[in-house]
Amino acid sequence: MSNQEITKILEEMAALLEMQGVAFKPRAYEKAATGVEALGEEVQEIYRRGGGKALEEIPGVGRGIAAHIEELLEKGKLQEYERLRKRVPVHVTELMSVEGVGPMMVKVLWEKLRVRTLADLERAARAGKIRRLPRFGEKSEQKILRGIAFLRGTAGRRTLGVALSDARRLEAVIRAFPEVEDAAVAGSLRRWKETIGDIDVLAASADPQKVTERFLALPDVARVYGTGETQTRVRLKNGMDADLRVVAPQSWGAALNYFTGSKEHNVALREIAVKKGWKLNEYGLFARSRTSPGLSPRRSGLQPREGGKSDFGACIAGRTEGEIYKKLGLRYIEPELREDTGEIEAARHDFAAQNRGGQARKNKLPALIGYRDLKGDLQVQTDWTDGEDSIEKMAQAARDAGLEYIAITDHTKGLAMTGGADEKKLMRQMREIDLLNKKFKSLKFKILKGAEVNIGKNGSLDIDDAMLARLDVVGAAVHSHFTLSRQEQTARIIRAMENPHVDIIFHLTGRIIAKRASIDLDIDAVIAAAKSTGTVLEVNAYPDRLDIRDAYIRKAVAADVRLSIDSDAHAAAHFKLLEYGIATARRGWAEKKDVVNAWPVDKMLSMLK
DNA sequence: GCCGTTTTCGGCCCGACTGTTTTCAGTCG
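Note that the first sequence covers residues 1097 to 1705 in this note's numbering.
None of these hints come from the bench; they were simulated from the model.
Any given hint could be a false lead.
[Said to hold, decoys possible] Under the rule of at most 27 Å between Cα atoms (straight-line distance), these lysine-lysine pairs were calculated in the DSSO-like manner:
1. Lys1333 / Lys1371
2. Lys1149 / Lys1182
3. Lys1521 / Lys1127
4. Lys1471 / Lys1689
5. Lys1371 / Lys1471
6. Lys1540 / Lys1553
7. Lys1705 / Lys1509
8. Lys1359 / Lys1372
9. Lys1182 / Lys1235
10. Lys1239 / Lys1225
[To be verified] The following label-pair restraints were derived from C-beta to C-beta distances:
11. Ser1538 / Asp1316: 24 to 32 Å
12. Ala1302 / Thr1323: 49 to 57 Å
13. Gln1583 / Glu1207: 44 to 52 Å
14. Arg1181 / Lys1359: 23 to 31 Å
C-beta atoms are modelled at their ideal positions from N, C-alpha and C, and glycine is treated no differently.
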């Protein structure tokens, strides 16, 4: 059973328990689902290695849920889940994917109207049956119909690359509003997550109403889901949803932190605040007043619409994110790390150590590689194969992008469709590179000779060793046989790494986000082989690949395996894609020292085989 | 059901918005 399937069942468990009115358990199951989803490894594998005890190491999974997962893996089903489903035998996930429909609605719809599927829901809504239910009305019914239409249309998350340029444009437009002091893209985009659900933009302004009006008047806005004093949700004409929040400038840092997430990171921060007797929300960090300790504004009956500040004392921090982390006793945590996967513990240790004089420890926050740290690019295609531009033009573009060197890594003959090079063609290309290097010498830019050789079904390469030995940079990659067994794929990759000339494995898992699954690999075995053979693992920056992914990068970094961050450029304009690769490496806790092409060319070359 | 720099028991994040209601439940992020 795959992680995805387990995640779905845990999420359904949460919803089913919620319907029964069970307290706290739903949150526990949701947390466990998030924990499983974020894993860089198959649960099946963890279980095979360490049994039920190892499952408890998964974040959010304790004894109870570990036993459930074990049952799922052993028997393929879960008795407790089947039992709950008998009481409300509906397609929970499907129904809840409709905007505005949650567990309680699903329950009522089942009990009163016998709604089981999306089709049932649509029929009931069209027949006008939903508006007659208690606490439903005509608007709820219309909203459900709109939600279903949306789902049938362009449902699902977009890849990072598709969302980011639109988000940046929107940010610039909003920042230019006269009432706006500052604006920023927040949410999963600011964390550079590989897929994005919607665009979150935050604005600081003393006149939120005016800002909201201007936002709603933008030509990009196709539909308004809802709008209030501080928060507006719309559908854009490009098919994405956007969420604008407007806060006062003194709350900028708190709001930015809150709307950047992740949700799990935020919850953890708030729990730290609570333990210190404070409260953290999107307006700031506040001390609780003595008059109504522990009561939420709503329960205490004090004007709930005043931003929740009414029964709390002075604001301790909020203008910047930095001061909030500091007050909470944490070192500043970069957005890419905010997933509650150990960064908070590390930040606490760092902060404590700083106050003790800063001795070195394990478990500390990484000094992340910076967005300007790359000196070279080790995967570049040209018009010698399937690239658009000449070697010279690519070199010029790389230099313009601030790089000091590139490796030309055109495809080899195994990829006949790209006009892949054989040994002879590679020799010709090497001679041309020699000529061009004379030209570029005065510009302090170097073109390296390389290739993207093809890994065959059994791990063999399509270029002979004598030729590979003459190249500066040899990348090897899988381009076919994507459906071999885990054992075969793993053996194939390891055999390629054992070749003394293979420096880098390009886009290891071969995935195309939202299109093609990764090849089935024993990632730990591959990382161990990379370490023992001195092979570099690429972080392919192409936004549809981001391969290896963040969780694998983190494993590689922990195992002291070197990485390269490459654009896989097929045109001069593609060097700007490197930022996606850097961001993904940062999400994997990579430092400059882990990334070979962040080093000067001579040092980099001396590190390769 | 999970978890631990107050805890192995007793807590568990917080607010905005909507729709249907005269004070709040549900959903969302």
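Each hint, compared with the structure:
1. With a C-alpha separation of about 44 Å, the suggested pair Lys1333 and Lys1371 falls outside the 27 Å cut-off, and the hint is violated.
2. With a CA separation close to 30 Å, the supplied pair Lys1149 and Lys1182 exceeds the 27 Å bound.
3. Using a Cα cut-off of 27 Å, the hinted pair Lys1521 and Lys1127 is violated, with the two alpha carbons roughly 54 Å apart.
4. Our distance criterion of 27 Å between C-alpha atoms is met by Lys1471 and Lys1689, whose separation comes to about 13 Å.
5. Taking the CA atoms of Lys1371 and Lys1471, the gap is about 45 Å. The hint is violated against a cut of 27 Å.
6. For a cut-off of 27 Å, the pair hint linking Lys1540 to Lys1553 is broken: about 40 Å separates their Cα positions.
7. With a C-alpha separation of about 23 Å, the suggested pair Lys1705 and Lys1509 falls inside the 27 Å cut-off, and the hint holds.
8. A distance of roughly 20 Å separates the Cα atoms of Lys1359 and Lys1372; the hinted pair therefore holds under the 27 Å criterion.
9. Annotation: proposed proximity of Lys1182 to Lys1235 is violated, straight-line Cα distance about 31 Å (limit 27 Å).
10. For the hint pairing Lys1239 with Lys1225, the CA-to-CA distance comes to about 14 Å; that is within 27 Å, so the pair holds.
11. For Ser1538 paired with Asp1316, a C-beta distance near 47 Å fails the hint of 24 to 32 Å.
12. With their beta carbons about 19 Å apart, Ala1302 and Thr1323 fall outside the hinted range of 49 to 57 Å.
13. Against the hinted window of 44 to 52 Å, the Cβ-Cβ separation of Gln1583 and Glu1207 comes to about 49 Å, which satisfies the hint.
14. A C-beta distance of roughly 27 Å is found between Arg1181 and Lys1359, which places it inside the suggested range of 23 to 31 Å.
In this structure, the hints that do not hold are numbers 1, 2, 3, 5, 6, 9, 11 and 12, in rising order.
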